Every structure is written in C-alpha cells, then in structure tokens.
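J.: Join the two chains, each given in its own frame, into one complex according to the hints.
If you read the protein sequences in the order shown, they are chains B and C.
Here the first sequence stands for residues 1 to 351, where the numbers follow the numbering used here.
Here the second sequence stands for residues 1001 to 1283, where the numbers follow the numbering used here.
The hints are simulated quantities; they were obtained by calculation from the structure and are not laboratory data.
Computed from a prediction, not measured in an experiment: that's the story for all the values here.
Take these hints with a grain of salt, some might be off.
[Said to hold, decoys possible] Straight-line Cα separation of at most 25 angstroms, DSS-like style, residue types lysine-lysine; simulated pairs: (1) B:Lys345 / B:Lys97; (2) C:Lys1167 / B:Lys193; (3) B:Lys203 / B:Lys193; (4) B:Lys164 / B:Lys145; (5) B:Lys203 / C:Lys1039; (6) B:Lys203 / C:Lys1024.
[Claimed, not checked] Which bits of chain C does chain B cover? Going by a derived footprint, with three or more residues having C-beta under 8 angstroms, they are: (7) 1034-1041; (8) 1101-1111; (9) 1215-1227; (10) 1237-1249.
Glycine included, C-beta positions come from ideal geometry on N, C-alpha and C.
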Amino acid sequence: MIRIITVLILAVTLISCGEKKDVSVQKPSSGGQLNGAGATFPYPIYSKWFNEYAKINPEAKINYQSIGSGGGIKQITEGTVDFGATDSPMSNEEIEKADTKNNNKIIHFPTVIGSVVITYNIPGVDQSINLSPEAIVGIYMGTVKKWNDPLIQKENADIKMPDKDIIVCYRTDGSGTTYVLTDYLGKVSDKWKSEIGVAKDVKFPVGQGGKGNEGVTGLVKQLDYSIGYVELIYALQNKLKYANIKNKEGEYVSPSLESLTIAADQSLNEMPEDLRQSITNAGGQGSYPISSYTYLLIYENQKDAYKGKILKEFLVWALNDGEKFAKDLGYAPLPPTVVAKALEKVNKIKF
Amino acid sequence: MIILAMVFYIALEMFNDSHESRDKFGFGFIFSSEWNPVKEDFGALPFIYGTIVSSIVALLISLPVSIGVAVFLSEIVHKSVRTPISFLIEILAAIPSIIYGFWGIFVFAPFMRTTVQPILESTLGFLPFFQGNMYGTGLLTASIILAIMITPIISAITRDVLKAIPKSQREAAYALGATKWEAIKMALLNARSGILGGAVLGLGRAIGETMAVTMVIGNKAQIVASLFEPAYSMASVIANEFAEASGSLHISALIEVGLILFGVTFIINSLARLLIYSVTRNA
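With the rest of the complex left out, here is chain C (with noise of 0.2 angstroms):
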C-alpha cells in the first residue's frame, strides 16, 4: 500500500515539474521529432521509439535463448553440470551495467562493424532494418546487449518455473509414450505463464537501463527504418542531459519524457498482464 503510494506520488510529482513543457507542447510533445535545447524546441518521439523498439528486439533475441538455457538445465545436463552453467549466467546480472558499457564500445562494437553487420547485410540488407552505414554502435547494437542483459532473468524463472512443475506430470508422458522432447514441450506448455511473466520483467529492465544503452545507442535523436543507424532512448537522454540542463523548459521537458517513460513502463505492463491473464485463462 505504502509502495502503491510512492509510486502514485512520484508520477504525481513529475507530472507538476513538467507542466511548464505539457503547457507549451502539450500532446505534441509525444509526436514531435525535434529536439533542440538552444531553440528550446522538445519532442519526445525519437526517444520513445529508440526505447520501445530497443527493448522488444531484446526480449525477441533474448526469450528463445533464455528458454533453451533453462531446458538445457533443467530437463537435459546433469546436475554436476547444472549448478556451474546456473552460477555463470546468473552471474552475468551481476555484472554493473556500466561496465557491460565500456564492454559493448570497446570490444563488442568494432565487432558488430566489421563481422556482424556486414554479413546482416549481405544475407538480410533486402529488409530496410539491415541497410545503410555500419557504425558498430546503434540500435541493435543495444539490442543485443540489453538481450545479454536480461537473459540471466528470463532463464533463471523459466528454470525455477519448469522445476515446479510436478514430477509425475512427466513421468506420465514417458509412461503414455512420449518422445524426450514431446515431454519437454509438454513441460513448457504447462510452464508458459511464468516464462511470460519472466519475459515481462527482463523487459521492464531492458526498458529501464541506462548507462549500458547510452554508451553503444548512438544517441542521435532521430526515427530510420535500419537497426544499424544510431538513436537514442529516454532513459539515456534523461542521464546525458539532466546535469547540464540550465533552461526551466528543458529540465521540464526532460521531467515530460521521464513521465512518459513511465507511462510506457506502466502501458507494457498492463498489456504483458493482460496477455498472461488471455493465456493461462484456458490452462
């Protein structure tokens, strides 16, 4: 209740600092592509799609994989081999975020330029998400890293999710006939709620992370079609920009675009709610 609280209360406060920018932009703001502190022109469209589109391409790199490291541990290696792999990756969300950062300029950027992006375009450049300059930082440069990011999280309640599923519900499809993997997927038919609401929080986090996204995404504000073009998202643009804002209508602005962060936080977590609620309703 306490939480419920603060959180009302925060949204409430933001909501009040940002009036000087609702009043001036108003629901323009959402839609405008300008972003321009010396002629005090903001809009947070760029901003919003960088965040959406980033963290969803994560969570599509990242659920497949999450989901084959959590059978692979649960249901196929050994228990020897389990705890080691178990302990490797979950250490992988202990890492600080700014150090997956530093990580992703300096090593895994030059990588994408010269060995990722060029055979994406060579196998893929039909689609316009693969064309145009190979910068190494950018839009799925990001993705990617906020995929390695929020994998640990996925794998590890998907792993915890197939381990509650009842013993005898498996040793009732061996006893009925079935196939190693007909079992498995009958196992992750069974555990799909919890894989999804695993999915929701790596998602939440990947909305949220900062430090590790502003270091590769480029940060141009700006809307193309290519994941390789740089852009930028809102937490990153909140962090860069706070410090130095001295205009009331640019930390105001920026107050706007943490509010709709927010907002869209809220939003995908009501829609990943509604979704598990459809889901599981015919379980």
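Isolated chain B, as found in the complex (with noise of 0.2 angstroms):
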C-alpha cells in the first residue's frame, strides 16, 4: 500500500515538473492555428480583424488571448506564442532578453492609436470642464484636494466648482491604460516622475482602486464628486462626461478620434526606426496629448513558414484594409506615413 502511495506521489510530482518544462520549449502545433496573447485594451479590434481575414483567407486561424500586455511580452519571450501584443512598447531590456532567450529579433507593429480620458462626476456640473495637466497631476498626487482649488476654477471661468473634496479612483490591475497616464504625467512633471514614476501600475498617493476599465467606471459613476481616468471607449460606451486637456500649445482639447490622429501625426518627425513612440504629451494644434500606440509583437525570424507567411499577409491586410474598422471600436486609425512605415518593417520578416 505504502508503495503504491509512494509511486503515486513521484507520478504527480514528476508530471507537474515535467509540465513545466514542456511550456518553455512547446512547438506551437503545425496546422496553421496561429496563437497570440497580450493586451486586452485593442481586443475588440483585433478580433474584429482576426473574424473579417478569416473571411478572405479561410487558412489564416488566428487565436488571440487578452492576458494583458505584461503577459504578452512574457509569453513571446518565452516563445510560447506566435505573436504578442502590448500597449506600451518594450523596454530595452525586455527587448535584449526576449532576443538572446530565442535568437531572434523583435519587431513592434503600431496598429491603432488609444487614448486615456480623465473622467468625473460633479453633480451640477453638466458642461466639460477644463483641466491643466498641472491641475490633474496636483489631484493624483494630493495637493489638489478640492474642486474649486484656483488651479481647476481658474480654467473653468463660467463654471461655478463646488466647495467639495474630490474623491481621485485609479485602476488598481496593473495596465497599459495607467501606463499610458503615468507617462502623460511624468512628461509635464519631473516631481511626478521621480516620486511617483511611469509605469503599468504605480503607487498612488491619495484615492483608492478600482478594478478593470469596468471597476473605476463604477466608482466614478457612484461616487459623487469624484474623478477617475478610463480608456475612450468605455467612457463614450458608459456616457461619462470627460474633460478637455491643456496641450502642448496650450489649448483645452477634447479627445477624438481627430486629435488622436493629429498627435500621431505630429510626433511623425521623432519616430524612431524602430517606431517605438510615447505620443503622450504631443505638440500641434489640436492634438490631445493622453494618447498611444498600440503595438503587436513579431520577431523577425519566423521558424515555422507557413505560419510566418500568414502572419505577414494578415499584417498588410490589417494595416492597408484594416483600419478602416478601427473608427467604428473608438480608436483612431494610424496615420499614412505611420502605415508605410509598418509595411515597411513587415518584409523584414523572413521565413
């Protein structure tokens, strides 16, 4: 009995380490099953794309898992997946190790552009109200603790901002929606970026969390007099009011989907080769400066040929035919030069 027992547990034991093992090294099985994973913000366009190239090419079966962009960059380094996706790009080490760990080398594809709305609920206010990028950094970080601080009434000449404490909601998950804010912040404050920092979850001084896009939609919608910030699409989704952002040029702007692209494309000058940009905080007239790329992760080297072949058709596919649907999800399309330069970068995938 005691044998029996003995083997039993070794079994168990050796499969749960033997399981490990086989993840790291796990040959995506041939057929023609694409896999990715990695951030949940551009999902629903993605499978938008996914669904309408099926149609054209019924070869092309591509699966996509929303784990969050942390968990793309770690399951493309790791090999587990044919392609990743992240809305903020990878650092320069995350990039070294995903290349030593598989020989390769990573290419970012920017696809659609975000954006990040500040949104609020001030009873009695019903118009969009002003903020500074001042006036934000100051309630996130509580030294604006009231709605009529000057720094916010000083905007918001014709609106009378109530003698209230603001109750400040942040996104308590990790997420590139937090990133895509904190790096806004850490742009147009150095204070910002040295006691706080720019990342996809930080520490925040004052306020408390919600869960998802969905978790600090419910507490701004439920607490009075209070702020939070969420992606475009769930606060038009969820009818929140949303204010407008003092750029660059120092004009009050309303996120859409033209300002988004008038950021993009006047960052165009700074891209770098490798089209790893932050837009946040852009110059131009009428651009609205909370806003990002986001990005699918391919390496270079494609082992498989038929995969790789895939991948690429669908990737001039989506970049030429495809953002024509990104209007429709609430994220703006990538500007012309910007998709010539993706295109670019899709012959350098070899296979």
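T.: See the structure below:
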C-alpha cells in the first residue's frame, strides 16, 4: 500500500515538473493555428480583424488571448506564442532578453491609436470641464484636494466649481491605461516622475482603486465628486463626462479620433527607426495629449514558414484594409506615414 | 494522501518561486506596509490585515444570521415553507462571485454610502471603526458582501447538524417541562461542534474570496482603524497585479503573498480545529 502511494506521489510530482518544462520549449502545433496573447485594450479591434481576415483567407486561424500587456511580453519572450501584443512598447532590457533567449529579433508593429480620458462625476456640472496638466498632477498627488481649488477654478471661469473634496479613483490592476496616464504625467511633471514614476501599476498616494476599466467606471458613476481615468471607448459607452485637457500649445482639447490622429501626426518627425514611440504630450494645434499606439510584437525570423507567411499577409491586410474598422470601435487609425513605415517593417519578416 | 502531497507540493513550489523576494526583504516583508511596484519595495502587512479583518467581520455578521436561519428552518416553520426558503438561501451560494462584485459596486455600495454608513456614524460614531470618509466601498462593504456569500454555507451545515440531533432528546426536554426556546437552546448546545465546523468552512471561503472583494474593498494598501476606509486583501492584490507584473521581484513578491495567504488559511483552520476540540472535549 505504502509503495503504491509513494509511486503515485512521485508520479504527480514528476508530471507537474515535466509540465513546467514543456511549456517553455513547446512548439506551436502545426496546422495553421496561430496563437497570440497580450494587451486587453486593443482586443475588440484585433478580434474584428481576425474574423474579417478569416473570411478573406480561410486558412488563417488566429487565436488571440487578451491576458494583458505584461503577459503578452512574457509569452513572446518565452516563445510560447506566435505573436504578442502590448500597449506600452517593450523596454530595451525586455527586448534584449527576448532577442537573446530566442536568438531572434523582435519587431514592434503599431496597429491603432488609443487614448485615456479623465472622467468625473460632479453633480450640478453638466458641461465639459477644463483640466490643466498641473491640476491633474495635483489631484493624483493629493495636493489639489477640492474641486474649487484655484488651479481648477481659474481654467473654468464660467463654471462654479463646488467646494467639495475630490474623490480620486484609479486602476488597481496593472494596465496599459495606467501606463499611458503616468507616462503623460511624468512628461509634464518632474516631481511625478521622481516620486511616483511611470509604470503599468504605480503607488498612488491618494484615492481608491477599481479593478479594470469597468471597476473605475463603476466607482466614478456612483461616487459624487469623484474623478477617474479610463479608455475613451469606456467613457463613450457609459456616457461618462470627460475633461478637455490642455495640450502643449496651451489649448483645451477634447479627446476625439481627429485629435488623436493629430497627436500621432505631429510626432512623426521624431519617430525612431524601431517605431517605439510615446505620443503623450504631443505638440501641434488640436492634438490630444494622453494617447498612445498599441503594438503587435513579432519576431523577424519565423521558424515555421507556413505561419510566417500567414502572419505577414495578415499584417499587410490589417495595415491597409483593417484600419478602416478602427473608427467604429473607438480607436483612431494610424496616420498614412506610420502605415508606410510599418509596412516597410513587414518586409523584414523572413521565413 | 495524494491530496496531501499536492498541497505540500503547491506550498513548496510557492516557497521556491518566492525566493527572490524572501532573500531581499526577509521577515520584514510581513511587517512592512509599503507596496510600491515602481520602486520595487514590497511589504504585505496591509493585505494580511485586509484579509483577516474582512473575513472575521464577515463571520461575526454571518454567524448569528446563519444560526437564526437554521433554527427557523429546522425547528420552527412547517415543512411546506421550509423547502422553498432553504432552496432560496442555498441558491445564494450558487451565484458567481463576480455577480456579487457587480451588484456590490453598482447597487450595494451606493446604498451603504447614502444610508448604512451615515446611520452607523450617527449611532456608533464614537468608535474609531465607524468614522471617516464615506465612500460606499471599503472594508465594511466587503465584509457584508462576504457575509452574504458565506451565510448559505454556514446555515446549511447548521441545519443539517440540528436535524441530526435525535428526536428523542427534544421529546425528553419537552417531557421535563422545557419551553420551545429552552429545547432549541439545548439542541444548539449539543450541535455546537458542527456549527463551529460550518463557521470554519465559511471563514475559509471568506479568506480566499477574490473577485467580489476586489470589486468593493477599494484596493488601497493601507491600515486604518475605520471600517469605512478602502483596504486591500491578499487574494485581490494577486489577482490584480499578477497578469501585468513585469519585474521578477514583483512577481516573486506576489507569490510570497500567496504563500502567506496559504499560511494564514492553514493557521486559522488549525486554530478553529483546536477551538472545536476544546469546546467538544467536555461534551
């Protein structure tokens, strides 16, 4: 009896150990199924793309798991997926780690542009309020405590801001949304950069956290005098009010597909060769300052020729024909120049 | 035996995977309140506090209610009423926890903010637990949601235990001139070990509950006396941060939180067993 039990225990342990090793070397089974994983934010448009593309090329079965940007980077680094997806570009160290581990070269493909809006719930205030970068930094650092703080009131001369405490809400789960916001705040405030930092999850000194965009939406909706930040599409779907943000030129701009495209357009001259670019706090008339590209991560040398071919064809289709689906789903399409640059990169994929 | 081996294996694996964080922070991890992924400074105390306090408050709320429900169903009402009511209560246990979470944030939290919390503050506001900002979400709201979630478990077990008490005992009590309440008191006294067992099961569920808690607890890593304020629990921080954690120290710290959660569950269960043992020893 004891012997049987021992054998069983050993078997269980061995199986679980074995499983762990298998995952890291597992080759995607051939047969045309492509696997990708990563960011949740572009999931609606990606699944639309995969569906539409499957109609054109029935052989292309693309399976995408929206597990989060961090997870996408992790999996493409481990080589367990054929492509990854992330909202914030990989850092230099992350790229180096992935490249050396797989003896390959990772390429970033921007796909669409998304934005983060500052949403609020102030009873009695129905119009859009104006917020300067200093006011947002102050609110999220806890130095601006009341809605009628001079920093807010002076930018909203025609609205009587209430003498009420601001209830601050933030994303508690690590997310690209938080990254884009903190990236922006880090650019406009050195204090933010050194004390709080730029990351997918940071320690906010004030406020409370909601889980996911829907969690933050819920908090802002039900707490009077609250403020939060969510992706544009969530604010639109839930009919939340969102603030106009002062851009680099000093104008107050509301987030719209046009103002996002302007932000990307205006940053084109500074776009690096590898296309990893932050477009928060972009210059230019009418540009909305809190926006970002979202990326697909694909290796330059595709080991499986069949999959490499499908991926390449898919990218060409998505960048040319797929962009037209972006608008309906609340994303801004890439400016034509960025599409051209990305298409150049597609040619680098070898198999 | 295999289950035991698996439990042991899981603990071992978590222990191994958390070595980076254990090496860096040592025992200070359990006593530090700082949790800052950007500066890679991690401490688990606020999460331990949030988990233990929310579960225990939930149990304190749920236990009297559950016993009341069980007594009502098994001793007082007629059979024709008993079946539908117990069915309804048991259905509470079948609701997915994310549904509790959404209900909590959109329906219950506003009710807490506009009604329950002001009443508590005006009546019990002299206690430090019922002061401060009223957001609706927070430790107390999480505890009450947890209490609703564990009530079906505790009441179902209590009901079954009461049912198991021989009818002859009750008849003997009546024969000796006991009133209905005295007979019920006697039945409860005899059923105490079973009731405590049910409470332990409920507490276990409360400690491990993730989704519903994270929706309403406020998710702020802090330790304050007020139950109105936002807090954070161990299961929630793992669920929230694991998917997007990029630094290896961050992941390691989250796994260590998991290990502590494991340990806390183990300790509380052992204490409860001990309690049951000491209560029933003289029975």
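J.: Let me make sure I understand: some of the numbered hints might not hold for this structure. Which ones are they, in numerical order?
T.: Number 2 only.
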